[in-house]
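Asks: Whenever a hint applies, use it, and build me the whole structure from the sequences.
Note that the sequence shown covers residues 1 to 750 in the UniProt record's numbering.
Check before you lean on any hint, since a few could be wrong.
To be verified - Straight-line alpha carbon distances no greater than 30 Å define the calculated DSBU-like cross-link-like pairs of lysine-lysine that follow:
1. K674 x K372
2. K144 x K213
3. K213 x K179
4. K270 x K179
5. K270 x K221
6. K707 x K732
7. K717 x K690
8. K111 x K139
9. K233 x K291
Said to hold, decoys possible - Using C-beta positions, here's what the derived DEER-type ranges look like:
10. K717 x K562: 42 to 50 Å
11. E438 x Q721: 34 to 42 Å
12. Q431 x W63: 34 to 42 Å
13. A308 x S735: 26 to 34 Å
14. S734 x R339: 52 to 60 Å
15. G62 x V181: 42 to 50 Å
16. S576 x Q721: 38 to 46 Å
17. H683 x W63: 54 to 62 Å
18. R162 x E230: 27 to 35 Å
19. E231 x Q23: 26 to 34 Å
Keep in mind that the hints were calculated from the coordinates and are not lab data. Every residue gets a Cβ at the ideal spot worked out from N, C-alpha and C, and that includes glycine.
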Amino acid sequence: MKKSLIFVVVLLAWFSGGKASSQDLTQYVDPFIGTGAHGHTFPGPCLPHGMVQVSPDTGEDGWDWCSGYHDSDTSLMGFSLTHLSGTGAADLGDILFMAYTGGWKTEPGSKEHPGEGYRSIFSHQDEQASAGYYSVMLKSYGIKAELTATARCALQRYTYPRTGDRDMIIDLGRGIQNKTVSSSIRFVGDDAIEGYRQSTGWAHDRYVYFYAKFNQPIVKKAIDNDGQIEEDKAAGTGKIEKALIRFSGTTGQPVLVKVSISAVSIANAKANLESGLPGWDFSAVRASAEKSWNKLLSKIEVEGGSTAEKRTFYTALYHSLLAPYLYSDVNGQYVGMDRKVHQAQGFHYYTVFSLWDTFRAAHPLYSLIEPKTNDDFVKSMLAMYKEGGRLPVWELDSNETWCMIGNHSIPVIADACLHGHPDFNIAEAYQAMKATVEDTIRGMKAYHQYGYVPDNVENNSVSITVEYAYDDWCVAQVARKLGKMADYRKYMQRAENYKNLYNPATRFLQGKDTQGQWREPFNPIDVSRLGSDDFTEGNSWQYTFFAPQDVDGLVHLIGGKKAFAHKLDSLFDQPSINNNPGEPDVSGMIGQYAQGNEPSHEIAYLYDYVGEPYKTADRVREIMDSLYTDTRSGLCGNDDCGQMSAWYVFGAMGFYPVNPSSGEYAIGSPVFSKITLHTGSGHPFEVEAKDVSKANKYIQSATLNGKDYPYSYITRKTIEQGGRLIFRMGNKPSSWATQPKDCPVSKIMQ
1 MKKSLIFVVV LLAWFSGGKA SSQDLTQYVD PFIGTGAHGH TFPGPCLPHG
51 MVQVSPDTGE DGWDWCSGYH DSDTSLMGFS LTHLSGTGAA DLGDILFMAY
101 TGGWKTEPGS KEHPGEGYRS IFSHQDEQAS AGYYSVMLKS YGIKAELTAT
151 ARCALQRYTY PRTGDRDMII DLGRGIQNKT VSSSIRFVGD DAIEGYRQST
201 GWAHDRYVYF YAKFNQPIVK KAIDNDGQIE EDKAAGTGKI EKALIRFSGT
251 TGQPVLVKVS ISAVSIANAK ANLESGLPGW DFSAVRASAE KSWNKLLSKI
301 EVEGGSTAEK RTFYTALYHS LLAPYLYSDV NGQYVGMDRK VHQAQGFHYY
351 TVFSLWDTFR AAHPLYSLIE PKTNDDFVKS MLAMYKEGGR LPVWELDSNE
401 TWCMIGNHSI PVIADACLHG HPDFNIAEAY QAMKATVEDT IRGMKAYHQY
451 GYVPDNVENN SVSITVEYAY DDWCVAQVAR KLGKMADYRK YMQRAENYKN
501 LYNPATRFLQ GKDTQGQWRE PFNPIDVSRL GSDDFTEGNS WQYTFFAPQD
551 VDGLVHLIGG KKAFAHKLDS LFDQPSINNN PGEPDVSGMI GQYAQGNEPS
601 HEIAYLYDYV GEPYKTADRV REIMDSLYTD TRSGLCGNDD CGQMSAWYVF
651 GAMGFYPVNP SSGEYAIGSP VFSKITLHTG SGHPFEVEAK DVSKANKYIQ
701 SATLNGKDYP YSYITRKTIE QGGRLIFRMG NKPSSWATQP KDCPVSKIMQ
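Replies: As structure tokens, then:
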């Protein structure tokens, strides 16, 4: 048993990667941050990028219950094994467990009348959550529920009252805004249960197989088969199935259940459990989870700052590292995009790629601090291409949801090809990228024909055009690396297609039809949503600034440095209104800047490119100080699989990847007096901000390894070489790095 536990600890440490931490950084992680307002996060435990996210479900319906949990609720229906973090659409919530007393109950009841079912009321005062642990008192039953996890398994502990029935339900009919298509449950002996759930929802076709084992014998069991309770029956099949379990009330010992899942088979789920969680020591599993989190959190060590700032930072880092999720089993098998079983050779296969969000900052963060894992993400995408015929757009459990726009697996792959140390075939990756941008679906045929997406051909035409143009630039850079200069020139030309929708009369990007006529009436403040008008969850104020591949060209297009800076000022000085109540994603507004959604995320750093980095410092600090807190409502919008959080991680470190595939970061305003960044290179990079405070947010001067550093950007190459970047901070704007030649924009389009 001790050898098995040591194996689990070693496996978890290997899975998380990184150096050992000399301090407990998990003390600064609060998984409740983002569970209020519109953050859509969940509080339950999991490992970094783990397969299982066991967490309480308080609701299944409504936009603010995309993760299954919201701070506004006072009752919960149980604990399911899979959850999405921060998404704006809902799914998962598979294999729900609930402990209760008082006789068989087969329906959860409602929030208004929880006593009508197995729901329990609870108080937030009775909840605890940390990296790798969650607990709550189920007040309706006097049961304490505790959860922890390994990479592929969940361990649950229920401490019942000393007298009375000790009951439990496993409900396969529940899911978060999805429907159960088919299911099966079978009791295995007197201490195990297995089965599967097939569902359809945001992901069209999903199977989750499970195997659960209990630490004590089941003394009474029943199957609820399509509404009929059948006692002492070992198995059943039907559209909706529930297993009812009773344990002896005389042992006085907590009931523990360990469970694992698989997309492939029950046999694989059982193998995942036997390999990943052989014992029953709850405290040891919790400690192992905390150790795994500490090893990865310690990739970025901060000094100085307040406790609240550290909580905000390390919780943001924690949330950044939840997705993508492990999807291959311990034997390497996984279900691919073709719905067939495949074998991962030399890598772990992952799922949940929210690429329209995460290409901007989350994947650049993975590329820096966990490059080997990021390479596995790329290999997973390339496997999806081979098995599904196309690189993923928004993939969920090997289902293409086609959610959002662009082809943003491309910048993730390009970054790994250009700036990482890829152990995949770059030539094959390039062919996948090229095939994707040469496709003819989702407005791409018109994009190729007109040099833009006409608004009478496709909705979201402006947003789609500018994002396709960025993807083309990424393909061009990999083409150049491979010496394919004809392709390079072709895609570099297409990378300027954003200019075709710039209307010099309005000085905004604007929709245009196949005849070249501008959409009228036009108001740059008008917000449209996915599936309507010309912009995706935003407006022209936000999208006019999206040309990260050609900021210099965009500056020239708008009228030069002064005109560009003035337009940026105007963006932030506009009324802070969202005139479309049907698009709640446009939130966290400062003027028409919307931090609560991704299209705005690089804008505050664009002052760097026109010689006004002090304005970047002003705006970045305003965003961090006013729109991120260490409370349950501490996120101003959906966390979107960690993108919102990754933005904060970079911002607090003092730099941000405006062009995520360029290998360059625009400098902003660091929060902490010192950060030490441990990249995959093994050479630590330190950023010191002397005399930094909320008032002293402006860089006065900088040195890199003892030499004057007058540039408002830093490169990934410099960071990976290791060294020390020292900023001297003050409370007034300075002339530091105000020359546009000091910025990388002039060379980006060469």
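Asks: So, for every hint listed, does it hold in this structure?
Replies: Evaluation of the provided hints:
1. K674 x K372: Holds. K674 to K372 sits at ~26 Å (cutoff 30 Å).
2. K144 x K213: Holds, at about 19 Å.
3. K213 x K179: Distance of about 26 Å is within 30 Å: holds.
4. K270 x K179: Distance of about 25 Å is within 30 Å: holds.
5. K270 x K221: holds (21 Å)
6. K707 x K732: holds (23 Å)
7. K717 x K690: OK: K717 and K690 at ~24 Å, within 30 Å.
8. K111 x K139: With Cα atoms ~14 Å apart, K111 and K139 stay inside 30 Å; holds.
9. K233 x K291: violated (42 Å)
10. K717 x K562: 42 to 50 Å: violated (32 Å)
11. E438 x Q721: 34 to 42 Å: Taking Cβ atoms as reference, E438 and Q721 lie about 37 Å apart, which means the hint holds.
12. Q431 x W63: 34 to 42 Å: holds (39 Å)
13. A308 x S735: 26 to 34 Å: holds (33 Å)
14. S734 x R339: 52 to 60 Å: For R339 against S734, whose Cβ atoms are near 59 Å apart, the range 52 to 60 Å holds.
15. G62 x V181: 42 to 50 Å: About 23 Å separates the Cβ atoms of G62 and V181, which means 42 to 50 Å is violated.
16. S576 x Q721: 38 to 46 Å: holds (42 Å)
17. H683 x W63: 54 to 62 Å: At 44 Å between Cβs, range violated.
18. R162 x E230: 27 to 35 Å: Between R162 and E230, where Cβ atoms are some 30 Å apart, the hint holds.
19. E231 x Q23: 26 to 34 Å: violated (53 Å)
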